[in-house]
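Each chain, written out:
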Amino acid sequence: MTVFIQYLVNGLSMGSVYAIIALGYTMVYGIAKMLNFAHGDVIMVGAYVSFCATSYLGLPGWASVILSCVVCTVLGVLIEGLAYRPLRQAGPLAVLITAIGVSYFLQNAAQLLWGATPKNFTSLVAFPVPEFLAKFNVSAVSLVTIVACLVIMAGLVFFTGKTKMGKAMRAVSEDKAAAQLMGINVNRTISMTFAIGSALAAIAGVLLCSYSPVLQPTTGAMPGIKAFDAAVFGGIGSIPGAFVGGILIGIIEAMAQAYISTSLANSIVFGVLIIVLLVKPAGLLGKYVPEKV
Amino acid sequence: MPSKFEFNKGKMVPYPSGAIVPDRDLGERPALECIHLGIEFGGLKAVDDFSLTIGKTEIAGLIGPNGAGKTTVFNLLTKVYQPTHGTILLDGEDTSGKSVYQVNRMGIARTFQNIRLFNTMTVEDNVKVGLHNQERYSGFEGVLRLPTYWKHEKAAHERAMELLSIFDMEHLANEQAGSLPYGAQRRLEIVRALATNPKLLLLDEPAAGMNPSETAELMANIVKIRDTFGIAIMLIEHDMSLVMNICEGICVLNFGKVIAKGTAEEIQNNDAVIEAYLGKQDKGEN
Chain A
4 MTVFIQYLVN GLSMGSVYAI IALGYTMVYG IAKMLNFAHG DVIMVGAYVS
54 FCATSYLGLP GWASVILSCV VCTVLGVLIE GLAYRPLRQA GPLAVLITAI
104 GVSYFLQNAA QLLWGATPKN FTSLVAFPVP EFLAKFNVSA VSLVTIVACL
154 VIMAGLVFFT GKTKMGKAMR AVSEDKAAAQ LMGINVNRTI SMTFAIGSAL
204 AAIAGVLLCS YSPVLQPTTG AMPGIKAFDA AVFGGIGSIP GAFVGGILIG
254 IIEAMAQAYI STSLANSIVF GVLIIVLLVK PAGLLGKYVP EKV
Chain B
6 MPSKFEFNKG KMVPYPSGAI VPDRDLGERP ALECIHLGIE FGGLKAVDDF
56 SLTIGKTEIA GLIGPNGAGK TTVFNLLTKV YQPTHGTILL DGEDTSGKSV
106 YQVNRMGIAR TFQNIRLFNT MTVEDNVKVG LHNQERYSGF EGVLRLPTYW
156 KHEKAAHERA MELLSIFDME HLANEQAGSL PYGAQRRLEI VRALATNPKL
206 LLLDEPAAGM NPSETAELMA NIVKIRDTFG IAIMLIEHDM SLVMNICEGI
256 CVLNFGKVIA KGTAEEIQNN DAVIEAYLGK QDKGEN
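Read top to bottom, the protein sequences are chains A and B. Here the numbering used here is used: the first residue of the first sequence is 4, the next is one more, and so on. Here the numbering used here is used: the first residue of the second sequence is 6, the next is one more, and so on.
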């Protein structure tokens, strides 16, 4: 039983990281209607910035997280402005290919800047865990990750639901042209979405590398794809969907690793996605939108 | 030294006598002035030499056969299309070079021929999207729920309810916009447009799909809105009873060109208008 709970906690905390990344994917998809495949690589940049801030500049952990958020926010807004905005009127395929291009660009730029040798990321989260939790092998990172994920998700639900910017975002998501005619600056709203998504990516990057300390230019790629998987799983465009999807993917992965096979874990995660999509094409919490005839 | 900007303001363009009710006192600045407005799509002149003046608090009608370019005129006014010729002055200010949302902030709001509400949002939130530019607080204040946030959200809520009360729709505030009956959706579109605090309200076929009693109610409401808000209203409509009854000035378009301007009576007796709608009379062919 104790072992099972350990796996569950592992799954939950890894799932929380996926959920934070998936929230970024789903926000951008929901509002800009595009898949930002470079999102995973923004995570990697966030982790590198935090790494450099602590190792080279000697900043404390919390300061490095803030710095990393700021850098990623700027990066996200830049990517949107330089790469995606000129393609606003272009077909979805052009944007998709551009996103993949941006992804490779970031990976190679990181390789040029920081080299291909993996860096050893020291966990930024360290505090003694209460006895009853330590028994189940719950680490400080796990706790922080789960709490961070819940706070972020609640914050986003509030932000999109109750603030005027959130309403503007939902309006843009539903009908860009109509939103514009109501006086909403669509470009600014989309930039803001990228800013929020990228700040989340920075947090996810730091948490991810606090788990698995190997930091290299391709660090963000696989978690990025899995988080995308999670977003689709939960219903892309839906904030609670991304959260549920992320947690479920994390747990499925942890259980598959524990009870089936470590090497098959990824196949199982994506296999489950395929089955879910066959049964419920819009994802778990997604809304099926019938094509208008 | 006269700057380039001054030139662009359209002051150099000679004013045509475009007032659709010529003897009306328009005051110093009419709500809307279109001067030789036109747009070409690859050589096709969708709207050509469109000149029109609408006074403050005037209700103007834009009619014409299908495909005459009426909605294109609305799209030009709201900058969905950038005009290739001419100038648009809104309350005396030149709108050239402005984008869609900037023109809305300057004071043009519109509804759509096919209803385009934010269907998954509530009725109140739809109105609040229209109030977007009047709520002033930063995202930071919003997330932390600082007093500014509460103050502005409360004001926005009250304003939204007040606007909904024009059509007695307060009780629908928490319904999803997409689930409203057709007539209510049309009314909500007007409320949402009014929420942006326009000087000129453009209504694209507001009576489409309504029965005669609903149309009569709508007519009364359009006049009520004009009187309450003191704004100019321009509407595209195929329902002649509505146009002839409430429009103080009517402009008729055919093949992108203005073929007649004047009061309801003048339009009804205008040969060019009768020809556009019914075809040439003399030989009995269409």
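These are computed hints drawn from the structure, not numbers from a lab. This one's a predicted model, so the numbers in the text were calculated from it and none came from an experiment. Warning: the hint list may mix true and false statements.
Derived pair list, reagent style DSS-like, types lysine-lysine, alpha-carbon separation capped at 25 Å [claimed, not checked]:
{"hint": "1", "chain 1": "B", "residue 1": "K103", "chain 2": "A", "residue 2": "K179"}
{"hint": "2", "chain 1": "A", "residue 1": "K122", "chain 2": "A", "residue 2": "K283"}
{"hint": "3", "chain 1": "A", "residue 1": "K179", "chain 2": "A", "residue 2": "K36"}
{"hint": "4", "chain 1": "B", "residue 1": "K229", "chain 2": "B", "residue 2": "K61"}
{"hint": "5", "chain 1": "B", "residue 1": "K262", "chain 2": "B", "residue 2": "K229"}
{"hint": "6", "chain 1": "B", "residue 1": "K103", "chain 2": "B", "residue 2": "K61"}
{"hint": "7", "chain 1": "A", "residue 1": "K165", "chain 2": "A", "residue 2": "K290"}
{"hint": "8", "chain 1": "B", "residue 1": "K204", "chain 2": "A", "residue 2": "K179"}
{"hint": "9", "chain 1": "B", "residue 1": "K262", "chain 2": "A", "residue 2": "K165"}
{"hint": "10", "chain 1": "B", "residue 1": "K159", "chain 2": "A", "residue 2": "K165"}
{"hint": "11", "chain 1": "A", "residue 1": "K138", "chain 2": "A", "residue 2": "K290"}
{"hint": "12", "chain 1": "B", "residue 1": "K262", "chain 2": "B", "residue 2": "K50"}
Self-check item: Distance restraint between A/K165 and A/K290, which requires alpha-carbon spacing of 25 Å or less
Solution: 21 Å, holds
Quiz item: Is the hinted pair A/K122 and A/K283 satisfied, with a Cα-Cα distance of at most 25 Å?
Solution: Violated: A/K122 and A/K283 sit about 41 Å apart, past 25 Å.
Quiz item: Quick one, are A/K138 and A/K290 close enough, alpha carbons at most 25 Å?
Solution: Not satisfied, since the Cα-Cα distance of roughly 41 Å exceeds 25 Å.
Quiz item: Given the proposed pairing of A/K179 with A/K36, does the C-alpha separation stay at or below 25 Å?
Solution: Holds, at roughly 10 Å.
Quiz item: Taking only the CA atoms, is the gap from B/K229 to B/K61 under or equal to 25 Å?
Solution: Status holds; Cα separation ~15 Å.
Quiz item: Has the given pair, B/K103 with A/K179, been kept, meaning a C-alpha gap of at most 25 Å?
Solution: 17 Å, holds
Exercise. Decide if the proposed pair is consistent with the structure: B/K262 and A/K165, CA atoms, cutoff 25 Å inclusive.
Key: Not OK: B/K262 and A/K165 at ~46 Å, beyond 25 Å, violated.
Quiz item: Are B/K262 and B/K229 close enough, with their CA atoms no more than 25 Å apart?
Solution: 31 Å, violated
Quiz item: Between B/K103 and B/K61, does the CA-CA distance stay at or below 25 Å?
Solution: Satisfied, since the Cα-Cα distance of roughly 22 Å is no more than 25 Å.
Quiz item: Do the alpha carbons of B/K204 and A/K179 lie within 25 Å of each other, as the hint requires?
Solution: Roughly 23 Å between the alpha carbons, so the hint for B/K204 and A/K179 holds.
Quiz item: Straight-line Cα separation of B/K262 and B/K50 no greater than 25 Å?
Solution: Roughly 9 Å between the alpha carbons, so the hint for B/K262 and B/K50 holds.
Self-check item: 25 Å Cα cutoff - pair B/K159, A/K165
Solution: Roughly 11 Å separates the two Cα atoms, so the pair holds.
Violation of the numbered hints given earlier is confined to hints 2, 5, 9, 11; the remaining hints are satisfied by the structure.
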